[in-house]
Amino acid sequence: MTATLTQSAAEGVGSDPSFVQLQHVVKEFAVTSGAVLQRRIGTIKAVSDVSFNIGKRETFGLVGESGCGKTTIGRLIVALERLTSGSILFEGTDIAKLRGSSLRHRRRDLQLMFQDPYASLNPRMRVGSIIREPLAVQKIGTKSEQESRVRQLLQEVGLSPKSTELYPHEFSGGQRQRIGLARALALNPKLIVADEPVSALDVSIRSQILNLMNSLQETHGLTYLVISHDLSVVKYLSDRIGVMYLGKLVEIAPSNEIYVRPAHPYTQGLINAIPEPNPVRERTKQVQPIKGELPSALNPPSGCRFRTRCPRAQDICAVEEPPLRPFGPQHLAACHFPLQTPEPAAAA
Amino acid sequence: MTSLLEITDLKTYIRQRRAEVRAVDGVSLSIEQGETLGLVGESGCGKTMTGMSIMRLLPTGGYIAGGSIQLDGRELVGLPEKEMRRIRGNDVAVIFQDPMTSLNPTMMIGDQIAESVRIHRHASKSEGLKRAEEVLGLVGMPRPKERLKDYPHQLSGGLRQRVMIAMALSCEPKLLIADEPTTALDVTIQLQILELLYELKQRLRMAVLLITHDMGVIAGRADRVMVMYAGKIVESASTEELFDDMHHPYTEALLASIPRLDQPTETLLYSIPGLPPDLTNPPDFCRFQPRCRYATGRCHEEEPPLEGDPRGHQFACFNPVTKHAHAAAIS
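If you read the protein sequences in the order shown, they are chains A and E. In this text, residue positions in the first sequence follow my numbering: the first is -5, and each later residue adds one. In this text, residue positions in the second sequence follow my numbering: the first is 5, and each later residue adds one.
Chain A on its own, in the form it takes in the complex (with noise of 0.2 Å):
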């Protein structure tokens, strides 16, 4: 009964709604000590437990602090980790459990856009063979239908084709960052995961690069995985928006609705925390800062992982961690004590 409200409540937007599903995932990275025999002392639960959808043509916007596990969830739907348990489908396919030749035919769908413009083209290539390799890799058409896809590209992206001879260095990071965008559209996925697309940028270069994302995935038809931590980011371009701490998901709902009506306090927090371009509002803010600092996630606290920052916690938050509960259309929340009233349980 409620795993089915849950369940529906979780569901994308768009005209697939369970584009991509994310069911029970699970991270985990071990923590070993010593240079030879490498004993595991512990692990790092990195994603646990998590489950949402993403619908076709959405975007999806994942959203938390360092250790949250927000790129980690990026970084196995592109299958660049494994799972540790759960499962990831895509198109009802579960591709956590592909290998080999349907893994690599799979990932022409699921691309990647990173976020470091400096780090993630390589300085010795120059651009038009950066952008040519994953059609090179993936053996798709001949060389000089590969060269005129990488002009067709570049000048989607708004640069000029002349661009290919030069080398990445030559290039601002708002410019790379179009490169790396020209990259992940080369093999025409289906989904794109931006991971922090514009954290490196100048502020004035960033409506640049989000204006760009958003006409692209008109053209293109794309479905979106934006990941950051910068909420103000992921709200102007996503549909729906995931909050993530230390490892689990603790509310999703509509992008204005998570900013007009958070349930968790962790939301609530995190959106007084941002610093608004406006003095009168910003010195009249009478909010209490999330006080402390974030837990291990090698030992994460018991019942509800943020209750050690919690201004609402109570003993049961100690004992039982809290189930995503709704709050309203697509709006799911896991707290004891939340801000909203959650909606009363429907019949069977």
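I should point out that these hints are in silico values taken from the structure, not numbers from a laboratory. Keep in mind it's a predicted model, so treat the numbers as computed, not measured. From the three backbone atoms N, C-alpha and C, an ideal C-beta is built for every residue, glycine too. Some clues are possibly wrong.
[What the hints assert, rightly or not] Just a sample of chain E residues kept apart from chain A, beta carbon distances all over 12 Å, derived:
#	residue
1	Gly77
2	Pro109
3	Val191
4	Asp266
5	Lys327
[To be verified] Listed below are the simulated EDC-like cross-link pairs for lysine to aspartate or glutamate, each with C-alpha atoms no more than 20 Å apart in a straight line:
#	chain 1	residue 1	chain 2	residue 2
6	A	Lys279	E	Glu203
7	A	Lys279	E	Glu85
8	A	Lys279	E	Asp248
9	A	Lys279	E	Asp227
Starting from the known structure of chain A, arrange chain E on it as the hints suggest.
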């Protein structure tokens, strides 16, 4: 009454192999005691170089090519290095963006904080550590005495930043230069650190030069703001007035290009086309002209001077934005 810091027509250039970068190209500003002046702009605008010129912590090839920097009436340009060392960490202190690269990874944090006190106050090792403990408590470090023996890598980003603040404040400087102090931190930790800086500045009656690209941080924490572009100041005003009634097209464009939480989701962000000019060969007309949507012929011929009351509202533009025009432009 003299200002605490008075900079007049500062020019800081950086000699490179084939050319000279005019990083700061004629900047004047003043900071009163206890005031927080925000210096805002994007990378390459010269804001960090301005701050570093005050401390004379310039990169290789960097030098002050002209102008004056007066701290409490005393001229710093041309001061012998020996004298400059007495001022650094003592009268003026600095905190940087990335505490991991600014803290010595091989020294315990207690010793790093005590170092400043021992040098400037000629204190003994134990007196230095006592002061370090005191100041760590002041910056909100839990269990300060135990933390004295920690190494920087054992601390989180937020705690390292607190250590850096403790180091900067150990000798109670009159002026704190904070260069992107919270940019590398998580947003919830950023709020903690900004609140801490505000409290400390009030308590110690310290002036702050807050250097950042973040207009939100400026809005909340600066008394006055100066906007820099391509090595020059393009606008300066009290914070409220800058946001409410900006005059320079770059200030307007910057604010219009930032995604805001309170915007309706369908808003299209303004995009400033093009790139800033090459500072090895800056133009002799308006430096923002190639990217400005209000530019006229004159803007391509002459450089607009910075006009207005330096303690009121100044701007350098032949076609300044007005409230009425601004509202029309953003709708």
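Beyond 12 Å from every chain A Cβ - status for Val191 (chain E):
violated, 5 Å
Would you check the hint for Lys279 (chain A) and Asp227 (chain E), treating anything up to 20 Å between C-alpha atoms as holding?
Judged against 20 Å, a Cα distance of about 16 Å means the pair holds.
Quick one: work out the minimum CB distance from Gly77 (chain E) to chain A and report holds if it exceeds 12 Å, violated otherwise.
holds, 31 Å
Minimum Cβ distance from Pro109 (chain E) to chain A greater than 12 Å, as the annotation requires:
holds, 20 Å
Once the closest CB in chain A is found, is it more than 12 Å from Lys327 (chain E)?
holds, 15 Å
For Lys279 (chain A) and Glu203 (chain E), compute the direct alpha-carbon distance and say whether it is at most 20 Å.
The hint holds at about 16 Å.
Quick one: work out the minimum CB distance from Asp266 (chain E) to chain A and report holds if it exceeds 12 Å, violated otherwise.
violated, 7 Å
Given the hint that Lys279 (chain A) pairs with Glu85 (chain E), test it: the Cα-Cα distance must not exceed 20 Å.
The hint is violated at about 45 Å.
Does Lys279 (chain A) pair with Asp248 (chain E) here, judged by a C-alpha cut-off of 20 Å?
holds, 18 Å
Hint violations for this structure: numbers 3, 4 and 7, all remaining hints satisfied.
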